[in-house]
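Chains as they are written, first to last, in my numbering: chain A, 1 to 241; chain B, 1 to 473.
Don't read these hints as lab results, they were simulated from the structure.
In this text, a Cβ means the ideal position worked out from N, Cα and C, and glycines have one as well.
Hints may contain errors.
Stated by the list, open to error - Using C-beta positions, here's what the derived DEER-type ranges look like:
#1 B:K27 - A:A64: 49 to 57 Å
#2 B:F395 - A:G158: 46 to 54 Å
#3 B:N102 - A:D166: 51 to 59 Å
#4 B:S302 - A:G223: 46 to 54 Å
#5 B:N219 - A:G223: 45 to 53 Å
#6 B:E89 - A:E89: 35 to 43 Å
#7 B:E146 - A:A64: 52 to 60 Å
#8 B:E460 - A:A64: 18 to 26 Å
#9 A:D166 - B:E146: 24 to 32 Å
#10 A:G94 - B:R412: 28 to 36 Å
Unchecked claim - Stretch-level coverage of chain A by chain B, calculated; a stretch enters the list once three of its residues show a Cβ under 8 Å from a Cβ in chain B:
#11 38–45
#12 160–174
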Amino acid sequence: MKVGLFITCLVDLVRPNIGFAALKLLEDAGCEVIVPASQTCCGQPGYNSGARDIAKTLAKKVLAEFKDCDYVVAPSGSCSGQMKLHVVEDLFKGEPEEAEFRALAAKWYELSDFLVNVLKSEKLAGKFKGTVTYHDSCAGLRELGIKTQPRALLETSGCTLNEMQDAEKCCGFGGTFSIKLGEISTRMAENKCVNIGVAGADAVVGGDLGCLLNIEGRLRRNGDMKTKVYHFAEVVAGMTE
Amino acid sequence: MQVQSMHFKQTASTKLNDAVLQKALKKSKSKFVDGRALGVAEVDNWEDIRTYAAALRDRVIDNLDAYLIEFERNAIRRGAQVHWAETAEEANAIVLGIAQKNAVKTITKSKSMVTEEIALNGTLIGAGIRVMETDLGEYILQLADEAPSHIVAPAVHKSKEQVAELFMNAHHKPRLTDIPSMTREAREQLRSHFLGADMGISGANFIVAETGTTLTVTNEGNADLVTTLPRIHCVVTGIEKVIPTMEDFATLIRLLPRSAIGQSIVNYLTLTTGVKAPDESDGPEQMHIVLVDAGRTKLVGSDMKDMLRCIRCGACMNHCPVYQNVGGHAYGWVYPGPMGSVLTPTYVGIENAGDLPNAATFCGECQVVCPVKIPLPDLMRKWRERQFDMKLRPFGERAAISLWGFFVQRPRLYALATRIGARVASMMGGEQKLIHSLPGIDGWTQGRDMPAPAGETFRELYAAKSAAKQVAR
Numbered sequence: 001m002k003v004g005l006f007i008t009c010l011v012d013l014v015r016p017n018i019g020f021a022a023l024k025l026l027e028d029a030g031c032e033v034i035v036p037a038s039q040t041c042c043g044q045p046g047y048n049s050g051a052r053d054i055a056k057t058l059a060k061k062v063l064a065e066f067k068d069c070d071y072v073v074a075p076s077g078s079c080s081g082q083m084k085l086h087v088v089e090d091l092f093k094g095e096p097e098e099a100e101f102r103a104l105a106a107k108w109y110e111l112s113d114f115l116v117n118v119l120k121s122e123k124l125a126g127k128f129k130g131t132v133t134y135h136d137s138c139a140g141l142r143e144l145g146i147k148t149q150p151r152a153l154l155e156t157s158g159c160t161l162n163e164m165q166d167a168e169k170c171c172g173f174g175g176t177f178s179i180k181l182g183e184i185s186t187r188m189a190e191n192k193c194v195n196i197g198v199a200g201a202d203a204v205v206g207g208d209l210g211c212l213l214n215i216e217g218r219l220r221r222n223g224d225m226k227t228k229v230y231h232f233a234e235v236v237a238g239m240t241e
Numbered sequence: 001m002q003v004q005s006m007h008f009k010q011t012a013s014t015k016l017n018d019a020v021l022q023k024a025l026k027k028s029k030s031k032f033v034d035g036r037a038l039g040v041a042e043v044d045n046w047e048d049i050r051t052y053a054a055a056l057r058d059r060v061i062d063n064l065d066a067y068l069i070e071f072e073r074n075a076i077r078r079g080a081q082v083h084w085a086e087t088a089e090e091a092n093a094i095v096l097g098i099a100q101k102n103a104v105k106t107i108t109k110s111k112s113m114v115t116e117e118i119a120l121n122g123t124l125i126g127a128g129i130r131v132m133e134t135d136l137g138e139y140i141l142q143l144a145d146e147a148p149s150h151i152v153a154p155a156v157h158k159s160k161e162q163v164a165e166l167f168m169n170a171h172h173k174p175r176l177t178d179i180p181s182m183t184r185e186a187r188e189q190l191r192s193h194f195l196g197a198d199m200g201i202s203g204a205n206f207i208v209a210e211t212g213t214t215l216t217v218t219n220e221g222n223a224d225l226v227t228t229l230p231r232i233h234c235v236v237t238g239i240e241k242v243i244p245t246m247e248d249f250a251t252l253i254r255l256l257p258r259s260a261i262g263q264s265i266v267n268y269l270t271l272t273t274g275v276k277a278p279d280e281s282d283g284p285e286q287m288h289i290v291l292v293d294a295g296r297t298k299l300v301g302s303d304m305k306d307m308l309r310c311i312r313c314g315a316c317m318n319h320c321p322v323y324q325n326v327g328g329h330a331y332g333w334v335y336p337g338p339m340g341s342v343l344t345p346t347y348v349g350i351e352n353a354g355d356l357p358n359a360a361t362f363c364g365e366c367q368v369v370c371p372v373k374i375p376l377p378d379l380m381r382k383w384r385e386r387q388f389d390m391k392l393r394p395f396g397e398r399a400a401i402s403l404w405g406f407f408v409q410r411p412r413l414y415a416l417a418t419r420i421g422a423r424v425a426s427m428m429g430g431e432q433k434l435i436h437s438l439p440g441i442d443g444w445t446q447g448r449d450m451p452a453p454a455g456e457t458f459r460e461l462y463a464a465k466s467a468a469k470q471v472a473r
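Please take these sequences and the hints and turn them into a complete structure.
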């Protein structure tokens, strides 16, 4: 099974460990993983900033890089939503490329969804024994229905889940929103941090690095150096250090 | 209403630090969010009704002219007079004309957002007519000389204490402390106005083509009194409010109060059809219906036409994390939250409301709760596309997107740039691996640290690993 790994621009630049964790999870399950070296970004930052043409060019680039894979997997609900939903339902709707993009969308999976529903992974290397609280990222949750999958993985790998209040509420990241309207974004992150504090877990875990950077950034600014912030891939792959 | 949407960012900043508002917003959440969830849970085919209602509203918008003409014909048949207003100014002139022609001195009003939109009260009061708002929230705001901050609960931003203060000063009575007494006092104050008014002005939640009926939903019953007691009843409503049949109303009313406040039904459904018939004891001698366009036809047939499905329940704002933190006044015009971020640029110009379509994380909650499935994030994104094409966003923002766009399309250059960027930013993070301030993204670093990059990109690490594997073989 030839699986293309879409790293995502944020993981590539900021936290490569998440990419290697995803790679390990896929390889441990017996996948032949392809990582196209030319990949950069799915185009969502452009798309949501109104730069439709750049978003379309990038979508085509992703298509060319991954179209020969049996599956494409990304450790992000946000990029996956872009490629599974927005590219076919909006950017290329009614255009000659639509069919190709639909084919790509059909074999494109968010990582937890792929591990649970395609690979049916049950043996995971994770050894994190603390309590975790899970933040549902908006795009994964509302565009792709990612809710139970990462939790199932975390529990399989031995974590205890302490659910926080309003786990489904946006953390305030929103891509460029976090910079353009930083003050509102910060307040939303603060609300999230309060709920994380009440849940009292050793680590807050999520499936999108953008949200995680936002949450971690606010926790640290508040002086909380203790609460760990992980991508679920790092936890279930046993790569939290 | 005067447009203040251009000041969204500054106003929002003030509102984030307004303790009274923040308390009020937190309090209202339980009714609007938890209440709605309970109301929706009562209905086992909620999704089917939404789908049906969205299609129904689409059908109306696609045939708006035909349904409006049918409505007009049936309303006239029942003795009403129908007026068409293309602009806010025309609508105001029509209502004022009706009032002056009939020597109207006093007017009672039930809640109407369209009249806020066209700033009708200002016109009437300016002409020397006394106008009384009779919806409790609107009455409070009239005393406070403030605009509504919410389309369903206009005074949701005010505390009980603030209202007590207003009532004490306006009613010249001792200060009250509990809500039931305050409500009773307001009722006593309003009663004489209801009985003495020459004309009643109402809005309409829907207007029904097959019968010529206008419909208003309230929890206070004030619309009943406004529409039946005075000798003249004037309805001011947007042209998109038309629905084909009473049965369609039966469908939509299952969605509206549940979406708005989790109620399965409102306390009062006020249906008004024509003037008082010779054998009837109640009702107005004259009924005027002013159908207001004021920008709505610009949406018909455009890529934003889905917005015309809106039935004004307020669920999108109630669930919006931005609205929940800044409240309605920050949006600077009549319609707050996601629906406002789509409508305000349409009605007052994108140049006056540039931040609104950007005031969203695209979390998608608004779309999920919308009873008529309006794809609000998509519509806000369309505004962003127009802003980008028209170069309406600040230079720095546009330059950043163009620069980013240049690099991401060129993998080799991008690899080089990210290698350098990851190293520089990693060094900036120091021992704590946190960047405390970064020019260009100070919107982020003012309230948050930026976790520093690891130092090397995934792709270079992966390439090095693969090369090592090759050598080992």
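Violated constraints from the hint list, given by number and in increasing order: none
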